[in-house]
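> What follows is the residue order along each chain.
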Amino acid sequence: MKTFHGRLGAALAALALATTAACGGDPAPAAGEPVTLTFLVDNSETTLATAKAVVDAFQPANPDIKIEIETRPQGTEGDNVVKTRLSTGDMTDMFWYNSGSLLQALNPAQSMADLTGDPALANVQDSYLSVVTQGGKAYGVPISTAGGGGILYNRKVYADLGLQPPKTWAEFTANNEKVKAAGLTPVISTFKDTWTSQLFVLGDFYNVHTALPNFAADYTANKAKYAATPAAMTGFQRLADVHQKGFLNKGFGSATLDEGLRMLVEGKGAHYPMLSFLLPPLLKDYPQVATDIGFFGIPGDDPARNGATIWEPAAVYVARSTEHLAAVKKFLAFVASPAGTDAQTKAVAPAGPYRVKGSKLPEDAIQVAKDLQAYIDRDATAPALEFLSPVKGPALEQITVAVGSGLTPAAEGAAQYDQDVAKQAKQLGLAGW
Amino acid sequence: MTKQDTRPRPKAGPAEPDRPQRRKAAAAYPYAFYLPAGIVYVVIFLIPTVMAFYFSLTRWTLFDSTFVGLENFADFFAEQNLSIGFRNTLVYAVLTSGLKVVLGMLLGVLLTSRLRLRGFLRSVVFFPVLVSTVAVGITFSVLLKPDTGLVDRALALVGVSGHDWLGDATTALLSVALVDVWKGVGLATVIYIAGILSIPPDYYQAVEVDGGTAWHRFRHVTLPLSRPATYSVIILSFIGGLRSFDLIWTMTRGGPGFTSDVIASIIYKQYQAGFYGLSTAGNVMLFLVVSAIVIPLSWFLGRREIA
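Those sequence lines, one after another, are chains A and B. Heads up: the first sequence begins at 1 in my numbering, then just goes up one per residue. Heads up: the second sequence begins at 1 in my numbering, then just goes up one per residue.
Hint data in this document are derived by calculation from the structure and do not stem from the laboratory. Hints may contain errors.
Okay, the calculated beta carbon distance ranges per label pair [said to hold, decoys possible]:
id: 1; chain 1: A; residue 1: Thr168; chain 2: B; residue 2: Gln80; range: 50 to 58 Å
id: 2; chain 1: B; residue 1: Pro296; chain 2: A; residue 2: Ala228; range: 46 to 54 Å
id: 3; chain 1: B; residue 1: Ala292; chain 2: A; residue 2: Gly183; range: 52 to 60 Å
id: 4; chain 1: A; residue 1: Ile376; chain 2: B; residue 2: Ala74; range: 44 to 52 Å
As the structure is a computational prediction, the values presented were derived from the model and not from experiment. Ideal Cβ positions, reconstructed from N, Cα and C, are used throughout, including at glycine.
Use the sequences and the hints to build the structure in full.
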C-alpha cells in the first residue's frame, strides 16, 4: 500500500520529468545566456579541494556556466541530507555521492537523471559503469580516484627491520612478530572511529572473490552467508587473530583515525589496515607520506593468488529536478575527461588510478598509488563487496570492533553480521529475503 | 522527537489545584487566543506523533513507504543488542540518579553549612550544568585517554595507570555514567540546597535542646524533611537517564562493539542506516516504555508529596 508520500513523490517525479523533457526539447540555451548550477559535495578537505579544482578548470572555457559549490556533512548524517533533499525535490543540480551499494538506497530511477549512452559518459572506463548503474541505467561519472583497501605500511620501518611486503597471512604474522620484538606497534587499530575497524573484513574480499567468484551474486540473492562460508569468514578470523596475538596498539579502543595515521607516519606503528584515500590530505603536514607509506592487499593463504581489494571512486550524479540538464552534462563530460582529472591531480595527489580513459597517474604519484597501480597492471584486484552487491549491514563496524577487541568470537561476529544484513535487505525490500 | 515532547506533560500536575480559577480565566478570553499555541502544539507535536505511529507500521525509505503491519516491531524486538540496550539504559538511569541523590544531598548539606567561600563553592558545583553536554563528552574523551589523559596521569600518582577507560568494554558505560553524574550533580545539589533551606530552623533547635549531635540533626531532621527534594531529583535524573543519548554518543558511540549501547543509541543507529520505519517503531516503543515508567512514578511520588 502506498501512502500519500508515494503519490506525492510520483507527482514530483512527473513534474520533474515534464521540466526535463521541456529542457531537453529546447535547443541549447542561446549562447551568452548565463546559467548558474549548484553542486553539492561533502565537507571533507579532499572532496572540497577536488571539487573546487574541477570547477575552476571548467570555468574559463565555459564563461556562461557558473557553478556554486554547496557542502554537506560526511558519513551517515550526510547520507540523510542527500536522501531528504532528493525525496523532497530540493536537490542541487548535481551532487557528489558514493557509488555502489549506497547509490542503490537513493532510488535513482525516481530521483536522478538517466545518463545511459550520453556523450558525458564517453570517457568513463567501461568497467566502472556497473557501480553507477541500477536497473540497466547509468547515473553518474567518476570523480576523484579509485583507492586501495588493505594494509598501509611504513616502508622506513620495513627497511630498518629488513622486512618484505608479505604475500601470505603467515608472512604477515611473521613480520608482525618482528615489529613487535623491535618495540613498535605491529597493527594500528583505532576503534573510537568505529568504521576503521572494518578493513580486515572488507579488504579481504579480493581473497573471497578469487576463491568463490560467485560469492557476491549468491550473497545478494540470500544464498551465501558469511558464517557458513569459511572463505568469507576468514576476514573476521584475521581480525580476531591480530588482537589475540597482541599486535594492536595500547588504547586501541579509544584511539581515533587521526591518531592512527600519525602513528603510522611517524613510524610508531608498522601496519594500518586502512583505505589509501586517507593519505593525500596528510601530505601538507607530513610530506614524507609520499615516499614512506606503501600499500599491500590483505594477504590470503596462497602466495600465487596475492592481490588487493579496490574501492571505486565516488561519482557526480544529476538530480532529476535540475532545470539545466544540458549545462550539467557539459560539466559532467569535463569531470570525466583527461583535462578534468589533470585539474584534480593538481589540487589533490591521487590516491590511486582514475577511472577515466586516457588519464594516467603522474610520474611523481605517491607511493600507495604506485603500489595500487602495480596490482591493477597485474590484474590482481577485485572491487570491494559493496560495489558488487547492494547488501551491506549497517552494524558491521560495531561487530568488527567487538571481534577485534576480543569481546565476540569471530564465528559469532560473522553470524551477527548475517542477521544484520538480513535486516538491511528486508528494509531495502530486496528480492529473496 | 516524540520522546522529548512527552516528558514535560506529567509536570503539568502542580497547576491542577487552581483549576476553578483557570476556568474563570478561560471564560474571560475568547477561545481564539488559544489558537496560536494550539496550532504550534498540533503542528509540531500532535501531527508528527500520529504520523510516527503510522510510519512505524511501514517500510519507509523517504521516497516511498510500504505498509508492513507490525513487522518493524518484530524486527525491532529481534535486534540482537536490544537486551543489552535495555539493561544498559536501566543500569545507567538507576546508577546516575542514585549517585546524584547521594552526592547531591551530601553536597547540599555541605553547602548549606557555615562555610567560607560558600557562594563560590556553590557556583563551582553548579558550573558543569551550564556546559554543553557534547562539549563535556568530547573533553572527557580526551581526559580519559590512556597514558596521555589527565585522569590517567592523576591516577598514575596512586599507582593506577594505562587503563583505557572508554575503550574497555567493562568500564566504558561506567565511565560515561560517572561523567554524567559530574555534569548533573550540580542541579541535584541546587534542588537539595533549596529543600534544606526550607526546613524550619525550629527542628534543629529542638535537636540541640535534646543534646543531639550533627549526625542526629542530619538523620532525623534533614534527611526526612528534604524528601520532596529527593523526589524531584529522582524523577528528573531518572527520566534524564532513561533518555540519555548525547553523552554516550559523544564518548563511546555505544561501543566498544555494543557494550555501552542504550535504547536511544540503538534507535539512532537504525535511523542513520536509513531504516526510517524501523527506527520510528523503536521510538514509538521508547515513548510507550518511558510513559509506562514515568507516569505511574510521578503520580506515586506526587501523591506522597501532597500527603
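> Give a verdict on every hint.
Status of each hint after checking the structure:
1. A:Thr168 x B:Gln80: 50 to 58 Å: 34 Å, violated
2. B:Pro296 x A:Ala228: 46 to 54 Å: 47 Å, holds
3. B:Ala292 x A:Gly183: 52 to 60 Å: Holds, since alanine 292 (chain B) and glycine 183 (chain A) (Cβ atoms, about 56 Å apart) stay within the stated range.
4. A:Ile376 x B:Ala74: 44 to 52 Å: Holds, since isoleucine 376 (chain A) and alanine 74 (chain B) (Cβ atoms, about 46 Å apart) stay within the stated range.
Of the numbered hints stated above, the single one contradicted by the structure is hint 1.
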